[in-house]
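S.K.: Single-letter residue listing:
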Amino acid sequence: MTKPRVAIFDFADCEGCELQIANLEEELLDLLSIIDIVSFREVMKEHSDDYDIAFIEGSIMRPQDEERLRNIRGHAKILIALGACAATGCVNTLRNQWTPDEVKKEVYGTTKLNEQLFNVGPAKAINEIIPVDYYLHGCPIDRDEFKAFVTALALGKKPETPTYPVCVECKKNENICQFELGNFCLGPITRAGCKAICPTHNSPCDGCRGILKKPETDCVKDLVTRYDLTYEDLKRRCTIFNSGKEACQ
Amino acid sequence: MNHPTHTITKKELTVFVNHLIADKTYDVVGPKAKGKRYAYDTLENASELRLDHDVTILPPKKYFLPITETLLHYNLKKTYDIHPATDARPRIIIGMHPYDVIALQQSDHVYLDYQKDDFYQKRRANTIIIASDIENVSDRSFAASMNTHTTNDGFDLLLTHISTGYAITIGTDKGKKLLERHAITKKITPVDLKKVTDMRTRLTSKYKRTLKAPKEDWPKILAANHDHALWEEKADRCMECSSCTMVCPTCYCYDVHDATSLTLTTGDRFRTWDGCMLKDFGKIGSGEVFRKEVKERYRHRFYRKGNYLPARYDYIACVGCGRCGIACLPDIADPCDVFNDLARFGTDKDTNRYYIKRTNKPQEKGVIHIPRSATITRIQRLTIQETLYELELDDKKPLAHKPGQFVEISVLGVGEAPFCVSSAPSQTPAFEIAVRKVGSVTNKLATLSVGDKVGVRGPLGVGFDTKAYEKKDLIFTSGGIGIFPMRSLINYILAPENRPKYKHIIILYGAKKPSEVMFQNEVDQWKKVPDVQVEQTVDRCDAVDCWVGCTGLITTLFPKVPTQKLDTKNTIAVVIGPPIMYKFVIKCLQTIGITDDHIFVSLERRMKCGVAKCGHCQMNGVYVCKEGPVFNHAELKNLPEAFE
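Protein sequence lines, in the order shown, are assigned to chains G and R.
Going by my numbering, 221 is the number at position 210 of the first sequence; the sequence numbering is gapless.
Going by my numbering, 543 is the number at position 542 of the second sequence; the sequence numbering is gapless.
One chain only, chain G, in its complex shape (with noise of 0.2 angstroms):
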């Protein structure tokens, strides 16, 4: 079996999520086993553009980078969005509300910019760019939930993310919920796959694996009043991570 090539790309993000992948320490060479890694400009200088997989980790800010992005899905029969921010935008997208003059001017006041590299447009998430197969959600993504998707890949499995809420891993984990100790967690709405480990840390779950109903549906709703909170809290709440054009609107 010949090894398939994997490219790690970044563009706006903390590269935590790169970050959770070097973390596999002496598991990276049981990766490598399967994997050919010829790109991944966090943890080594070689560099190909000959690849069958990419993962893309980042937000999607300037047209170089949607340029570079474009390219990126032409080489790659497989294209992944790793983490949040390829994913639904994340915190990224928070600036949206102003206008990139706006932003430019709060962080660098007057300063003059090289504008070629201050060109910056919306934060997007990639989907707004070039099609995506596959997601790893969460900020940052959870390292089983990596080495299990490319296990299924290497497999010729289709890799499998949950499609139901964080409770489903809460209640596995006999958390007490976190609506019981009068704590607003977006849990009930939010993708699982995370072993629902902020509520298991008892600290609620902030979203970052993505919004599955949005704030306006009945029983999100419902659940809004029924827990004296308003429309505008859990608007809020959700905005961390989800204010982006695919998230909840």
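Where hints are given, some of them may not hold.
Computed cross-link-like contacts, BS3-like style, restricted to lysine-lysine with a CA-CA straight-line distance of at most 30 angstroms [unchecked claim]: (1) 33/R to 209/R; (2) 403/R to 284/R; (3) 438/R to 14/G; (4) 123/G to 158/G; (5) 117/R to 284/R; (6) 454/R to 14/G; (7) 284/R to 232/G; (8) 158/G to 280/R; (9) 206/G to 296/R; (10) 280/R to 225/G; (11) 529/R to 403/R; (12) 246/G to 454/R; (13) 11/R to 207/R; (14) 183/G to 293/R; (15) 398/R to 183/G; (16) 224/G to 280/R; (17) 158/G to 63/R; (18) 169/G to 514/R; (19) 246/G to 280/R; (20) 398/R to 502/R; (21) 225/G to 284/R; (22) 638/R to 362/R; (23) 183/G to 25/R; (24) 35/R to 206/G; (25) 79/R to 169/G; (26) 529/R to 468/R; (27) 63/R to 183/G; (28) 169/G to 183/G; (29) 296/R to 14/G; (30) 529/R to 513/R; (31) 183/G to 37/R; (32) 584/R to 472/R; (33) 63/R to 206/G; (34) 78/R to 398/R; (35) 88/G to 468/R; (36) 224/G to 296/R; (37) 366/R to 79/R; (38) 183/G to 296/R; (39) 362/R to 232/G; (40) 502/R to 362/R.
FYI, nobody ran anything at the bench for these hints, they're computed from the structure.
The model shown is predicted, which means the values in this text are computed figures rather than measured ones.
Since the structure of chain G is already known, use the hints to place chain R on it.
M.R.: Just chain R now, with coordinates in the frame of chain G:
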């Protein structure tokens, strides 16, 4: 009936529990405080045990049907190398409330019935249950209405809190021996005995939530209210999180997956709790989803509790623990509320209408979920999408299937999927399955070659009762890949030794287009058998295709059925095809005078375990993998989920 016979002081009970913990023979578990709630966990010291708990977050079912449980280990570097998982460490559960004891007795019916679940059975045998009477009632519980607040059996020992300590009821010899070996007890006094009786009497009055109609009415209430507006109203608020089923002591559905190591060398096949409220629960390989609407899934859960399982096992599958009421955020899951709402909308005595009773036993008696190895002996490409595989079991035994039965085929590392056997039983020792590439297993099968190994479980389910078709005229109608199982039946019936037993035979076979017509050589052979009329059609024929036969949907073939020649009142019709086909073909059959009880169909669902446990293939009260996949149409008329 068991009565308390001993008492133990609080101090001595602590000593007893600490003895058990120190013994190290057992894992000793019991309810411990978890914040303001309680959860079963391993006890390090008796002081952690909270016999005063009201209810735990998850039921103790997690010790019998673990949340995630390995079924077998495999090694992909060797040729078909599997080892059933073993986890048989003895355990003592202390503090199980009566409703959980009763829920466990219900699980015994599911897991030890039909094909016994070896994993469950081993754990059950290795566990000692020290139950405890309820001291504090959970706000959401309605166990008194369900008569599950006390129990007379199902435990090895039962503790009842009284002012002087605990009264002990001995349930089994195992419990008695444990007590003799580890505890200092006294014979119970009449005064203490009265305290136990009083305590149980008082308990009933502690329940704030009660049922308006007796639980025995649930099956009747549901029989009358299948289309009640309540299902939709409540389902509109459902978050589809399945928390209700996760925390339920009587829910038992699971899903099975393969997890392979990163080096692709070894892996585990494991099962994990699944919930019928989740959208993908009824999703099959082709992507089709059964019970697609939230309303249908929401209703399904209540019917399982109050109608389907009562029809099958003769008990109400709810013990009133109230866990779902606590867990459900929109508060729509509590059976007490739902049945109290529905109680005023009438009842119907026909409570078994959604269930089909069968007494079949599984032919395969091996360890549950452990497939036998088989070798691919021949591969024949049928179309671009479909391929025929001939398999031979490595134990050299014939499969011994009936036409219409199915097998579960495993490709280690990828998973397991159900396939109807396509060859006739006489064609032994090998058998054939025909496969359309739709999901992971079928796509992986497409990459295998002659000599490769796969796993086989089966034959499973109920096939065609060919004996009952003897001395009758037969009409076989199949569309698309419905020809796969139909071929098994036709080749059986047309075999020279069997043909004389049947009268006129009409075979109608439709495909989408000429390139999707399969087994044409065999179809041509069928035409040569005396008194067999074969009619074929394709839905459409593009200019590039070569097709001399009829075009149009399968129903266009019915005018060619020589009804004058047939004794239609006694004619048997067998229909196999895509769900959409059934409705129209059955109508045609009825028009020519064939009665429903003479029409047989084979249905497709997500058959995962194949032995009536995992819940995925259920349609109304019926497990397609056990009661089917072959059904009589008259039986299906009352099952709204049959032809959805």
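S.K.: All the hints need checking, so say for each whether the structure fits it.
M.R.: Taking the hints in turn, this is what the structure says about them:
1. 33/R to 209/R: holds (25 angstroms)
2. 403/R to 284/R: Holds, at roughly 27 angstroms.
3. 438/R to 14/G: With Cα atoms ~24 angstroms apart, residue 438/R and residue 14/G stay inside 30 angstroms; holds.
4. 123/G to 158/G: Measuring from Cα to Cα gives roughly 45 angstroms; hence the hint is violated.
5. 117/R to 284/R: At roughly 26 angstroms apart (the allowed maximum being 30 angstroms), residue 284/R and residue 117/R satisfy the hint.
6. 454/R to 14/G: Given pair residue 454/R, residue 14/G holds - Cα atoms ~23 angstroms apart, limit 30 angstroms.
7. 284/R to 232/G: holds (28 angstroms)
8. 158/G to 280/R: holds (25 angstroms)
9. 206/G to 296/R: Since the Cα atoms of residue 206/G and residue 296/R sit roughly 27 angstroms apart, the hinted pair holds (cutoff 30 angstroms).
10. 280/R to 225/G: Within the cut-off at roughly 17 angstroms; holds.
11. 529/R to 403/R: holds (24 angstroms)
12. 246/G to 454/R: violated (53 angstroms)
13. 11/R to 207/R: holds (24 angstroms)
14. 183/G to 293/R: holds (24 angstroms)
15. 398/R to 183/G: Violated: residue 398/R and residue 183/G sit about 41 angstroms apart, past 30 angstroms.
16. 224/G to 280/R: Roughly 13 angstroms separates the two Cα atoms, so the pair holds.
17. 158/G to 63/R: holds (27 angstroms)
18. 169/G to 514/R: holds (28 angstroms)
19. 246/G to 280/R: It holds: about 25 angstroms lies between the C-alpha atoms, which stays within 30 angstroms.
20. 398/R to 502/R: holds (28 angstroms)
21. 225/G to 284/R: holds (23 angstroms)
22. 638/R to 362/R: holds (25 angstroms)
23. 183/G to 25/R: At roughly 27 angstroms apart (the allowed maximum being 30 angstroms), residue 25/R and residue 183/G satisfy the hint.
24. 35/R to 206/G: Status holds; Cα separation ~19 angstroms.
25. 79/R to 169/G: With a Cα-Cα distance of about 23 angstroms, the restraint between residue 79/R and residue 169/G holds, given a limit of 30 angstroms.
26. 529/R to 468/R: holds (24 angstroms)
27. 63/R to 183/G: Holds: residue 63/R and residue 183/G sit about 10 angstroms apart, inside 30 angstroms.
28. 169/G to 183/G: holds (25 angstroms)
29. 296/R to 14/G: Roughly 46 angstroms between the alpha carbons, so the hint for residue 296/R and residue 14/G is violated.
30. 529/R to 513/R: holds (25 angstroms)
31. 183/G to 37/R: Roughly 18 angstroms separates the two Cα atoms, so the pair holds.
32. 584/R to 472/R: holds (27 angstroms)
33. 63/R to 206/G: holds (17 angstroms)
34. 78/R to 398/R: holds (26 angstroms)
35. 88/G to 468/R: violated (54 angstroms)
36. 224/G to 296/R: holds (16 angstroms)
37. 366/R to 79/R: Given pair residue 366/R, residue 79/R holds - Cα atoms ~26 angstroms apart, limit 30 angstroms.
38. 183/G to 296/R: OK: residue 183/G and residue 296/R at ~24 angstroms, within 30 angstroms.
39. 362/R to 232/G: Status violated; Cα separation ~49 angstroms.
40. 502/R to 362/R: holds (27 angstroms)
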